[in-house]
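Listed below are the residues making up each chain.
2 protein chains.
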Amino acid sequence: MTETSPAPSAPVKTIAFVLYQGLTPLDIVGPLQVFAALADLVPGYRTVVIGERIEPIGSDTPLSLVPSHTFAEIADPHATIVPGGLVPTLAAMADENLLGNLRETAARSQIVGSVCTGSLLLAAAGLLEGRQATTHWMYRDLLARFGATPVTRRWVEDGHFITAAGVSAGIDMALHLVGRLAGNEVARMVQLFIEYDPEPPFGPIDWTAADSGQYAPFARQLLQNALADHPALLAHLSN
Amino acid sequence: MTETSPAPSAPVKTIAFVLYQGLTPLDIVGPLQVFAALADLVPGYRTVVIGERIEPIGSDTPLSLVPSHTFAEIADPHATIVPGGLVPTLAAMADENLLGNLRETAARSQIVGSVCTGSLLLAAAGLLEGRQATTHWMYRDLLARFGATPVTRRWVEDGHFITAAGVSAGIDMALHLVGRLAGNEVARMVQLFIEYDPEPPFGPIDWTAADSGQYAPFARQLLQNALADHPALLAHLSN
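Those protein sequences? They're chains A and B, same order as listed.
With the first letter of the first sequence counted as 1, position 90 gets the number 90 in the UniProt record's numbering; the numbers rise by one all the way through.
With the first letter of the second sequence counted as 1, position 75 gets the number 75 in the UniProt record's numbering; the numbers rise by one all the way through.
Think of the hints as simulated: they come from the structure by calculation, not from any bench.
Treat each hint with caution, since some may be false.
Beyond 10 Å from chain A on every Cβ pair, some chain B residues (computed) [what the hints assert, rightly or not]:
no.	residue
1	19
2	22
3	52
4	61
5	65
6	103
7	141
8	201
Label-pair ranges, simulated between beta-carbon atoms [as the list claims (entries may be wrong)]:
no.	chain 1	residue 1	chain 2	residue 2	range
9	A	235	B	209	22 to 32 Å
10	A	206	B	159	41 to 51 Å
11	B	97	A	153	25 to 35 Å
12	A	209	B	228	49 to 59 Å
Backbone N, C-alpha and C define an ideal beta-carbon position, used for all residues, glycine too.
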């Protein structure tokens with residue numbers, strides 16, 4: 001459909017989205033829809049959703065999600081995107097099985113991305129040490145506890161890592177990545193097809209009013225709930 | 001968490017999201033995440049995802065989705081939101097079983113909403129006759145074939161119906177609805193939690209460049225594919 005398509009002989013690039021228990025579905029579905037549109041519009045791309053097992057996985061909404069592949073089935077993703085969530089994602093910072101899968105998949109990926117607190121999983125896996133990164137505004141400071149440098153931007157690139165801010169930021173990050181992979185014209189076509197022409201009815205977020213620390217006790221409480229069984233990690237992240 | 005919470009004795013309002021084969025997951029997950037945040041932040045709301053059966057349902061991405069309830073289990077939703085999609089949704093305009101479920105659920109809902117081509121299902125069910133409505137830009141004209149008046153806006157309210165433009169427009173529509181239901185302060189808090197502070201990397205959609213009719217043959221072809229087995233409906237929508 002476009003002159004910027006890769007040659008037919010180019011290998012298909014796989015964009016893998018990680019699914020795990022309790023995540024925030026918009027974190028995964030926002031960028032997935034962007035890359036699925038890319039795969040529909042030009043040749044050379046496919047999306048997959050990877051999890052430990054191919055079975056329904058609960059989210060932080062009543063919706064359950066089913067991956068298309070296991071981690072082991074996707075040997076060499078071009079990009080791997082890790083979504084975030086609230087208590088279950090904070091708890092997953094201590095899930096050595098998931099962190100191990102993330103380390104292995106990240107090592108085989110040209111691009112490793114995250115949305116929202118997904119970057120805390122990359123950080124807990126030791127992948128963001130010495131790198132600039134971002135996450136949901138409530139937990140930005142935690143990145144430093146894992147040796148990363150927290151940055152307040154919609155998305156942050158450092159080496160082959162790209163991390164996005166909270167939840168809906170994954171859409172912006174994914175469009176940026178599509179532009180890098182397939183060119184800006186293709187990215188604009190994807191944007192047109194998902195009709196991403198935002199009109200937040202109350203305007204942009206007023207960060208001067210919002211980022212006042214009033215939610216810090218709430219954020220701490222959720223972290224304590226999530227890591228009640230992992231006092232060492234909780235202490236490391238709390239002091 | 002807020003002074004605008006309803007009294008504890010108020011009945012819980014159920015916001016129901018309709019799941020069906022082949023839909024575009026961002027159409028459902030965008031507004032679902034908005035209302036799930038509402039339900040988390042203030043008392044008085046819950047979200048459900050309804051389908052014909054509680055089993056994995058394919059989407060237009062590799063992700064499958066599982067509803068939390070059947071249509072029959074949710075007797076009186078406060079609001080029902082119908083997501084859209086491409087060929088499977090266009091085909092569903094001829095799915096009398098789904099249309100019947102939509103008519104019954106809509107008749108019991110205080111608010112009936114749609115995202116993207118979800119409005120074509122409401123229209124095909126006879127629910128938008130004489131009403132203003134919108135849908136994905138590629139299929140806006142089809143609304144008139146069902147007796148609705150197509151409108152070019154991010155979302156359109158007419159009576160207890162509210163229809164949103166394509167895919168990502170469901171987030172904006174949902175925030176507007178949250179403001180109407182729970183007040184603007186709560187809606188702004190929801191926006192903060194999903195960090196909906198859009199920064200489309202290529203700016204807003206340039207409609208003067210995009211809406212030039214170049215995609216009309218593509219849209220017609222998809223419609224023909226979708227309704228190949230329903231020539232009467234296809235003719236009604238094509239001439």
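Status of each hint after checking the structure:
1. Listed as a non-interface residue, residue 19(B) fails to keep its Cβ farther than 10 Å from every Cβ of chain A; the least gap is roughly 8 Å.
2. The claim that residue 22(B) lies off the interface holds: its Cβ sits roughly 12 Å from the closest Cβ of chain A, which is beyond the 10 Å cut-off.
3. Annotated as non-interface, residue 52(B) keeps its C-beta farther than 10 Å from every C-beta of chain A; the closest such distance is 16 Å.
4. Not every Cβ of chain A is farther than 10 Å from the Cβ of residue 61(B); the closest lies at roughly 4 Å, contradicting the non-interface assignment.
5. Not every beta carbon of chain A lies more than 10 Å from that of residue 65(B), the smallest distance being close to 6 Å; the non-interface claim is violated.
6. No beta-carbon of chain A is positioned within 10 Å of the beta-carbon of residue 103(B); the least distance is around 23 Å.
7. With a least CB separation of 16 Å from chain A, residue 141(B) remains clear of the 10 Å interface cut-off, as annotated.
8. Not every C-beta of chain A lies more than 10 Å from that of residue 201(B), the closest at about 4 Å, which undercuts listing it as non-interface.
9. The given range of 22 to 32 Å is broken by residue 235(A) and residue 209(B), whose C-beta atoms sit roughly 55 Å from each other.
10. Distance hint check for residue 206(A) and residue 159(B): the Cβ-Cβ separation is about 33 Å, which falls outside the suggested range of 41 to 51 Å.
11. In this structure the hint that residue 97(B) and residue 153(A) lie 25 to 35 Å apart at CB is violated, the actual value being about 47 Å.
12. About 54 Å separates the C-beta atoms of residue 209(A) and residue 228(B), a value consistent with the hinted range of 49 to 59 Å.
The structure fails hints 1, 4, 5, 8, 9, 10, 11 (numbered hints given earlier, in ascending order).
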